[in-house]
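Peer 1: Just need the whole structure built from these sequences, with the hints factored in.
Here the protein sequences line up with chains A and B, keeping their order.
Each residue of the first sequence is one higher than the last, beginning at 557 in the working numbering.
Each residue of the second sequence is one higher than the last, beginning at 12 in the working numbering.
Just so you know, these hints were derived from the structure itself, not from any lab.
Worth double-checking, as some hints may not be accurate.
Said to hold, decoys possible - Pair by pair, the computed Cβ-Cβ distance ranges are:
#  : chain 1 : residue 1 : chain 2 : residue 2 : range
1  : A       : Thr587    : B       : Ser127    : 30 to 36 angstroms
2  : B       : Glu111    : A       : Glu585    : 47 to 53 angstroms
3  : A       : Glu671    : B       : Arg185    : 17 to 23 angstroms
4  : A       : Gly618    : B       : Gly114    : 44 to 50 angstroms
5  : B       : Thr73     : A       : Pro650    : 23 to 29 angstroms
6  : A       : Phe651    : B       : Ser40     : 36 to 42 angstroms
7  : A       : Asn577    : B       : Asp147    : 34 to 40 angstroms
8  : A       : Glu580    : B       : Arg185    : 34 to 40 angstroms
9  : A       : Thr574    : B       : Glu64     : 44 to 50 angstroms
10 : A       : Phe651    : B       : Gly114    : 48 to 54 angstroms
11 : A       : Tyr564    : B       : Arg63     : 35 to 41 angstroms
12 : A       : Thr587    : B       : Met65     : 31 to 37 angstroms
13 : B       : Met12     : A       : Glu621    : 35 to 41 angstroms
14 : A       : Glu623    : B       : Gln26     : 22 to 28 angstroms
C-beta: ideal position from N, C-alpha, C; glycine also.
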Amino acid sequence: MKLIIGGYAQGKLNYAVTKYNVAEDHVFESTLPTNEEAEKLEGKIIVSSIHKWIRKRIKEGGRPEEEISSFVKKNPDCIIICDEIGNGIVPMDPFERVYRERTGRIQVKLAADAEEVERVVCGIAQKIK
Amino acid sequence: MITLVYGGSACGKSQYAEDTICRLSEGKSKYYIATMQVGDDEENIERVEKHREMRKEKGFTTIERQVDVKKALDEMADSKNALLECVSNLVANEMFFGGEIIGKEDTVRKVKDGLSKLAEGTENLVIVTNNVFESDSDYDEITLSYMDALGEINTYLTTLADEVYEVVVGIPLRIK
Numbered sequence: 557m558k559l560i561i562g563g564y565a566q567g568k569l570n571y572a573v574t575k576y577n578v579a580e581d582h583v584f585e586s587t588l589p590t591n592e593e594a595e596k597l598e599g600k601i602i603v604s605s606i607h608k609w610i611r612k613r614i615k616e617g618g619r620p621e622e623e624i625s626s627f628v629k630k631n632p633d634c635i636i637i638c639d640e641i642g643n644g645i646v647p648m649d650p651f652e653r654v655y656r657e658r659t660g661r662i663q664v665k666l667a668a669d670a671e672e673v674e675r676v677v678c679g680i681a682q683k684i685k
Numbered sequence: 012m013i014t015l016v017y018g019g020s021a022c023g024k025s026q027y028a029e030d031t032i033c034r035l036s037e038g039k040s041k042y043y044i045a046t047m048q049v050g051d052d053e054e055n056i057e058r059v060e061k062h063r064e065m066r067k068e069k070g071f072t073t074i075e076r077q078v079d080v081k082k083a084l085d086e087m088a089d090s091k092n093a094l095l096e097c098v099s100n101l102v103a104n105e106m107f108f109g110g111e112i113i114g115k116e117d118t119v120r121k122v123k124d125g126l127s128k129l130a131e132g133t134e135n136l137v138i139v140t141n142n143v144f145e146s147d148s149d150y151d152e153i154t155l156s157y158m159d160a161l162g163e164i165n166t167y168l169t170t171l172a173d174e175v176y177e178v179v180v181g182i183p184l185r186i187k
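Peer 2: Below, the structure is given as structure tokens:
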């Protein structure tokens, strides 16, 4: 698994699609593909804006941590893209704080498990692991 | 040796800071200077207690200093190794202590004084600070003056520090 992180609108998806030559129907935006969806596809899969999916799963009372781990285990060739969302003032809203905290922890875990981590700034990727 | 550890929320900076002071102090005893005000929120109290227990196992003694951190030196008898966490709470405490708002200039002066004296009095000091600067800046005047103060202090701390790391998704990136 490869992890690509960076701020909003930094060109992460475009960078990943170009670099890894991923077809459009292999890109999942703000959602984690189901097992059936993933099994049908050959080659690399991109899961983009995974932070949006994490937010949705927390709202639904799901367990995004475990769901992502199991997805990565089944799809070790995938590329995961996530916005960095923790670099602002602590939000007043309790849900926003939980979302930030859990997304941050998930990113740290993904980075630890990843074979490669890249941080994209203004479309330029920096390999940080 | 002064090490500054910078990063956003839940980026793994605490873990990295703990590992760093454990390595620098070579297994000797060390202090954890906690600047957070726990308050009376039960969930918070429980979390703080859990973290304190975890640190105890790693050989940390906790010193609570919400303001005027140089006074922590008075409580450091066994060792001159310390980890201070974190500057963002310290700045908030100095600025808003006792319900009265202290201006940015005075806050910056007090925090700089406290941290520089703490640095002089220690052998190894690891300072944790926050990145709160990379989202919106459309905030009220008070929040902005807090952000200005923290930004100025962080910049000062990088000049004081021998090494500066930005922690991103658990990965320490050396920036000085």
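Peer 1: None of the hints should be skipped; say for each whether it holds.
Peer 2: Structure-based check of each hint:
1. A:Thr587 to B:Ser127: 30 to 36 angstroms: violated (50 angstroms)
2. B:Glu111 to A:Glu585: 47 to 53 angstroms: Between B:Glu111 and A:Glu585, where Cβ atoms are some 49 angstroms apart, the hint holds.
3. A:Glu671 to B:Arg185: 17 to 23 angstroms: holds (22 angstroms)
4. A:Gly618 to B:Gly114: 44 to 50 angstroms: Roughly 46 angstroms apart at Cβ, these two residues keep to the hinted range, so it holds.
5. B:Thr73 to A:Pro650: 23 to 29 angstroms: holds (26 angstroms)
6. A:Phe651 to B:Ser40: 36 to 42 angstroms: Given a distance of about 40 angstroms, which is inside 36 to 42 angstroms, the answer is holds.
7. A:Asn577 to B:Asp147: 34 to 40 angstroms: Check passed, 35 angstroms falls within 34 to 40 angstroms.
8. A:Glu580 to B:Arg185: 34 to 40 angstroms: With Cβ atoms ~38 angstroms apart, the hint holds.
9. A:Thr574 to B:Glu64: 44 to 50 angstroms: holds (49 angstroms)
10. A:Phe651 to B:Gly114: 48 to 54 angstroms: Because 33 angstroms falls outside the window, the suggested range is violated.
11. A:Tyr564 to B:Arg63: 35 to 41 angstroms: holds (36 angstroms)
12. A:Thr587 to B:Met65: 31 to 37 angstroms: holds (36 angstroms)
13. B:Met12 to A:Glu621: 35 to 41 angstroms: holds (36 angstroms)
14. A:Glu623 to B:Gln26: 22 to 28 angstroms: holds (24 angstroms)
Of the numbered hints stated above, those contradicted by the structure are hints 1 and 10, listed in ascending order.
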